[in-house]
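Chains as they are written, first to last, in our numbering: chain C, 1 to 135; chain X, 136 to 516.
Note that these hints are calculated values from the structure, not bench results. Don't take each hint at face value.
Cross-link-like lysine-lysine pairs, in silico, DSS-like; alpha carbons within 25 Å at most [what the hints assert, rightly or not]: (1) X:LYS285 with C:LYS71; (2) X:LYS260 with C:LYS6; (3) C:LYS71 with X:LYS434.
Rough simulated footprint, nothing fancy, chain X against chain C, three-plus residues with beta-carbon under 8 Å [unchecked claim]: (4) 29-38; (5) 66-72; (6) 100-108; (7) 113-123.
Even for Gly, the Cβ is constructed at its ideal location relative to N, Cα and C.
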Amino acid sequence: MTALEKPDLYELDGTGPGLKLIFGRCAACEELHFPRTGYGCPRCGARPENVTAEARAGQATLLTFITLHAKLAPGITPPCVVGEAEIAPGMIEEVMLSGGAEQYRDGMAIVARAEEVERDGETRLACRFAPKEEV
Amino acid sequence: MANLSDMRPVYVIGVGMHPYQFASDTLYIDMGLTAVRGALEDAGIAFPEVESAYIGCTGIGMAAGRIMFNHLGSTGLACTQVENASASGSSAFQMAVLEVAAGRRDVSLAVGVDKTGDQLRAVQKEKVSRLSDTATIPLVKYALMAEHLKKEKGLSAEDLAMVAAKNHTNASKNPNAQFRKPRTVEQVLASTLVAGTTTSLMCCPRGEGAAAAIVASEDAIRRLGILGGKPIRVTASVLQSETPQVGREIPSVTLAQRVAEMAYDEAGIKATDLDCVELHDAFAIEEILYTETFGLAPKGAGQHFLRDGGSAIGGRCCVNSSGGLIGQGHPLGPTGLGQVHELTRQLRGENGERQQPGARIGMAHMIGLGSISIAHILTKD
Ligand SMILES: [Zn+2]
Chain C
1 MTALEKPDLY ELDGTGPGLK LIFGRCAACE ELHFPRTGYG CPRCGARPEN VTAEARAGQA
61 TLLTFITLHA KLAPGITPPC VVGEAEIAPG MIEEVMLSGG AEQYRDGMAI VARAEEVERD
121 GETRLACRFA PKEEV
Chain X
136 MANLSDMRPV YVIGVGMHPY QFASDTLYID MGLTAVRGAL EDAGIAFPEV ESAYIGCTGI
196 GMAAGRIMFN HLGSTGLACT QVENASASGS SAFQMAVLEV AAGRRDVSLA VGVDKTGDQL
256 RAVQKEKVSR LSDTATIPLV KYALMAEHLK KEKGLSAEDL AMVAAKNHTN ASKNPNAQFR
316 KPRTVEQVLA STLVAGTTTS LMCCPRGEGA AAAIVASEDA IRRLGILGGK PIRVTASVLQ
376 SETPQVGREI PSVTLAQRVA EMAYDEAGIK ATDLDCVELH DAFAIEEILY TETFGLAPKG
436 AGQHFLRDGG SAIGGRCCVN SSGGLIGQGH PLGPTGLGQV HELTRQLRGE NGERQQPGAR
496 IGMAHMIGLG SISIAHILTK D
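Could you build all of it, start to finish, from the sequences and the hints given here?
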């Protein structure tokens with residue numbers, strides 16, 4: 001079984017490559033946040049024991065996307081596509097998109113899925129979003 | 136929070152710089168001393184008159200100040216190192232201003248000096264993963280915003296290139312600038328594509344250099360016989376950090392607006408009173424966004440303000456006459472003090488071919504990674 005690249009952020013949803021995103025739910029303010037951290041609730045400052053993990057379907061709405069042409073971070077291989085997506089109501093996160101920019105348009109539904117990447121000579125499953133209809 | 140206008144008046148009495156440049160063998164002490172000696176000479180005072188010093192830097196290491204000031208004579212002055220990412224120099228300036236305003240010191244020095252360091256960021260030690268491997272890279276955030284605004288309000292790659300061409304061309308007339316070539320819109324567009332429609336010439340360079348400013352009280356100005364008309368008053372000094380994103384606007388842009396409004400309030404001015412602004416154009420899109428959030432142009436009309444020449448030298452309010460971060464450079468520690476250097480010379484009417492006619496009020500604005508936003512307003516009395 002290939003290990004997930006960032007198991008603190010997502011888990012396999014049991015349907016092949018599909019991923020669930022792991023949010024934090026705060027018992028003190030009842031708000032959702034992402035990513036969940038070991039430090040507590042970033043919304044109200046409650047201690048970590050007030051926060052529980054809440055895995056939600058890896059579905060999002062793509063808001064904007066661009067192609068990166070330069071190697072801006074060690075983990076990326078340009079050209080590659082990144083976007084901003086609404087991963088839960090009002091929660092906008094930068095996401096990495098699978099394949100080339102031609103498949104995407106603003107406002108489309110996208111889903112998180114596991115895609116193999118090489119990290120320090122080992123294969124890992126990374127989270128890449130792809131158009132919903134393709135899956 | 137105490138208002139600067141309720142405290143003792145503080146004036147910039149001297150500024151100095153070591154030109155910004157690409158990474159070299161030049162020692163940071165040589166660059167820092169050049170800027171400090173320039174500021175002392177400009178103020179017409181000797182180093183022993185300086186009671187405290189704040190040194191802004193990010194890449195040199197611990198305790199950079201004392202070993203540099205040692206070479207100006209061991210006067211025993213108070214000496215504090217300030218790190219606030221890109222805003223380190225601005226924050227050093229704020230510390231010096233507040234110390235004089237509070238009446239604790241009469242003459243204080245802020246100096247920013249930097250070499251390209253190891254770029255280690257605390258966020259790398261946070262141990263919090265992000266979905267995207269580029270989630271903490273500002274360039275990507277701003278390139279995404281540029282793409283969004285392209286569809287939202289017709290902001291074009293040509294508009295971004297126009298910002299960069301203006302700032303590169305301003306820098307070509309600035310002997311302290313890292314880039315000294317005038318650039319056309321076509322040249323900017325033809326440079327290497329980095330992210331979305333952002334090209335390499337739309338981004339600030341990495342580099343090194345130094346800038347310094349000396350601030351003083353009215354008592355000190357009288358005592359030291361500083362020339363009448365030369366001191367430039369600091370009328371606002373504001374710093375805040377960002378709050379969670381609401382809607383599509385980047386939190387640092389929302390923050391920049393709040394900080395500018397607080398600064399206008401503190402200085403008792405309106406946006407339309409500004410004659411010159413030095414702002415954080417690490418990427419060309421930022422200048423268009425901030426001219427709007429600062430109220431120089433209506434929201435959504437930043438590119439029209441630019442196209443109409445509003446931000447050109449001689450326009451309604453010149454923006455980044457130094458060349459900005461894109462043209463003058465962005466060595467981190469010095470950057471905010473390089474802005475104070477430019478504005479002081481503008482307000483004194485000493486800025487040569489980059490002089491904004493009749494300049495009386497200027498604002499320096501920086502963003503520091505994280506992000507924080509800081510603004511200072513300088514006023515010719
Ligand atoms: Zn909470």
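Would you mind confirming whether the straight-line C-alpha gap from LYS285 of chain X to LYS71 of chain C stays at or under 25 Å? Holds: LYS285 of chain X and LYS71 of chain C sit about 24 Å apart, inside 25 Å.
Given hint LYS6 of chain C paired with LYS260 of chain X - CA-CA distance at most 25 Å: holds (16 Å)
Coverage of the segment 113-123 of chain C by chain X, judged on three or more residues with CB within 8 Å: violated (count 0)
Counting residues of the segment 66-72 of chain C that have a beta-carbon nearer than 8 Å to any beta-carbon of chain X, does the count reach 3? Since 6 is at least three, the answer is holds.
Compare the distance between the alpha carbons of LYS71 of chain C and LYS434 of chain X with 25 Å, and conclude whether the hinted pair is satisfied. violated (33 Å)
Would you say the segment 29-38 of chain C counts as covered by chain X, given the rule of at least 3 residues with C-beta under 8 Å? holds (count 3)
Coverage criterion applied to the segment 100-108 of chain C (partner chain X; beta-carbon cut 8 Å; 3 residues): With 1 residues in contact (Cβ-Cβ under 8 Å with chain X), the coverage given for the segment 100-108 of chain C is violated.
In this structure, the hints that do not hold are numbers 3, 6, 7, in rising order.
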